[in-house]
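Chemist: Required output: the full structure, derived from the provided sequences and hints.
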Amino acid sequence: MTTHLEATAVECRRGRSTILSGVDLAVDVGERVALVGPNGAGKSTLLRVLAGIDAPHAGSVLLRGTRVHDMRSRDRAREIAVVSQHELPPADLLVRELVALGRVPHRSPWSSEPDDHAIEALDRLGLRAFADRPVDRLSGGELRRVLVARALAQEAPVLVLDEPTNHLDLRHQHELLGTVRDLGLTVVAAIHDLGLAARYFDRVAVVHDGGLVAQGDPDDVLTTDLVQRVFGVRVARVLHPETGEPHLLVDP
Amino acid sequence: MSDADSRRPPVLLLTVAATVVLLVSLPIATALGATSIPWSEVVEVWRSRLQGVPSDATSDTIVWNIRAPRVLLAAIVGAGLAIAGTVVQTLVRNPLADPYLLGVSSGASVGATAVITLGVLSSTGTWALSVGAMIGAVVAAATVFGIAMGQGGLTPLRLVLTGTVLASAFSAIASYLVFRSEEPQAAQSVLFWLLGSLARASWEQLLLPVVATVLAALVIVVLRGWLDALLAGPDVAASLGVPVARLRVALFVLQALLVGVLVAVAGGIGFVGLIVPHVARLLVGPLHGRMVPVAALVGAIFLVWVDVAARTLATPQDIPLSVVTGVVGAPVFLVLLGRRRYRFGGES
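Residue numbers (our numbering), protein chains in the order written: chain G, 1 to 252; chain S, 1 to 348.
There's no promise every hint is true.
[What the hints assert, rightly or not] Cβ-Cβ distance ranges computed for the label pairs, FRET-style:
| id | chain 1 | residue 1 | chain 2 | residue 2 | range |
| --- | --- | --- | --- | --- | --- |
| 1 | G | 13 | S | 245 | 25 to 33 Å |
| 2 | G | 55 | S | 15 | 40 to 48 Å |
| 3 | S | 24 | G | 116 | 33 to 41 Å |
| 4 | S | 243 | G | 251 | 31 to 39 Å |
| 5 | G | 75 | S | 48 | 54 to 62 Å |
| 6 | G | 108 | S | 139 | 33 to 41 Å |
| 7 | G | 15 | S | 183 | 46 to 54 Å |
| 8 | G | 107 | S | 169 | 41 to 49 Å |
| 9 | S | 53 | G | 107 | 23 to 31 Å |
| 10 | G | 114 | S | 245 | 53 to 61 Å |
Simulated from the structure, these hints should not be mistaken for laboratory data.
All C-beta atoms, glycine included, are put in the ideal place defined by N, C-alpha and C.
Modeler: What follows is the structure, encoded as structure tokens:
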């Protein structure tokens, strides 16, 4: 396996306080890594640095061996697509126009192209019917999926997602992560639901106490001890009566 | 297609229609004014002048040397203000932004007031007022730029705060100059300039605003993909490969240049740069490639007719343009804001 995205000794500060330090994370080509951890642990901060939006205060992030922050922003945007947690697009933008913004890194700012890529991306997420809807007529969950469609239209081999399943109902959480899994892209995502993280990701990395405290196969990492220590809730590990897969039951 | 969906009207059709309206408005507007001139004469003057020869009509001078440059200047300034308003609204992501938000015009007013009250720059003759305003605009823009950059960059909040604070400081200086002046007419001259007027229009004065407006329009058309991305927010734009910091610097310089030139020739005409971008957005949506041509044309048509009203409603006096744009503009803006479906940003 070749390493696609690699963070080495990354340190992130906000103002004077250090949020993360000594973060080492290597993501292979086509691998999906879920960042889990309590609120405020620094998952979003780490994602922004991995995606090249913010520079780390120390350490480096390499994309196929090139420092992400030395890349031209346009070259970087062709390699890494981002769906952030809070985005408020202009209310009067139509869904097709918003998704077509994903094509910005692929064309000169003065050129136009037909909506084909945008429509195709909407199709993939079953959102074709929303193409002509103004953004402010979408529900929170619909908007999340539209933003993921924009990231797909961007056709970047790396997908960075900050809580993509926020606001989504159960069915759409699974559909969205299933779609993302089937794309075969390299994915780094912050995920709150440990069950989803275990099911749809190859690896989980636990962000806690200003660094990565554990990473590896979900079933190995998400032990009852670790979850109890990191999240401060008691959990029991049980096997699903029908599928035999392990699940975590929370009993605060 | 459900009720919630909307279709964009064909922008080409709208642009062609607006261009036709503008081209028809221009000669009509030269016929109207303090002295009304028969249609046949106006048509005669335009026909022969467009072929390059003065006509024999008695109104040749009035139509061609006084009214024609004034009407054309109205069109250019209207288009320019609409473009400047669009640029500033995109730069600061704020629906209440107008071209004067970032302090350029207040700086220009200090320059203009200094010319009127202290008689500085009198060696430049009839250009004194424009030159003074331009110098003031450049100084103000450089100050706002320097302070905002020094405090962390051209972020929307930083720009709005710096621009607003410095604008009041510049206004205070201008007021002090008027207050101190011993010229009895000074206050009125300054007020007239501040409220905007095209009374000083001449053919020579057209060049600079035309160049600035055309340049600004071209830059926007060239950068439209990036500007559209910036609408969605700085982080989104950055993740889409837009060099956000450099784009903001470019937009700031562009608006400073354009507003400086427009204010120098026409004073502080209000409301056009605030409302017209909203009207265009309402018509064709927020993507710059679609809304900027429409905004420019609507702004041009609007100001041509505002100036006709300014010239004819209280003859023989000229009404300051801001008086007319305010009276027309305030209700238009209220109606726009009152539309349930129209929301500028993400927030309601």
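Chemist: If a hint holds in the structure, say so; if it doesn't, say that too.
Modeler: Against the structure, the hints:
The hinted range of 25 to 33 Å is not satisfied by residue 13 (chain G) and residue 245 (chain S), whose Cβ atoms lie roughly 20 Å apart. The supplied range of 40 to 48 Å is met by residue 55 (chain G) and residue 15 (chain S), whose beta-carbon atoms lie about 43 Å from each other. A hinted range of 33 to 41 Å holds for the C-beta pair residue 24 (chain S) and residue 116 (chain G), which are about 39 Å apart. In this structure, residue 243 (chain S) and residue 251 (chain G) break the distance hint of 31 to 39 Å, their C-beta atoms being roughly 51 Å apart.
The supplied range of 54 to 62 Å is met by residue 75 (chain G) and residue 48 (chain S), whose beta-carbon atoms lie about 58 Å from each other. Distance hint for residue 108 (chain G) and residue 139 (chain S): a CB-CB separation of about 35 Å, consistent with the stated range 33 to 41 Å. Distance hint check for residue 15 (chain G) and residue 183 (chain S): the Cβ-Cβ separation is about 53 Å, which falls inside the suggested range of 46 to 54 Å. Distance hint check: the CB atoms of residue 107 (chain G) and residue 169 (chain S) are about 43 Å apart, consistent with the given range 41 to 49 Å.
With their beta carbons about 49 Å apart, residue 53 (chain S) and residue 107 (chain G) fall outside the hinted range of 23 to 31 Å. Checked against the hint of 53 to 61 Å, the pair residue 114 (chain G) and residue 245 (chain S) fails, with Cβ atoms roughly 31 Å apart.
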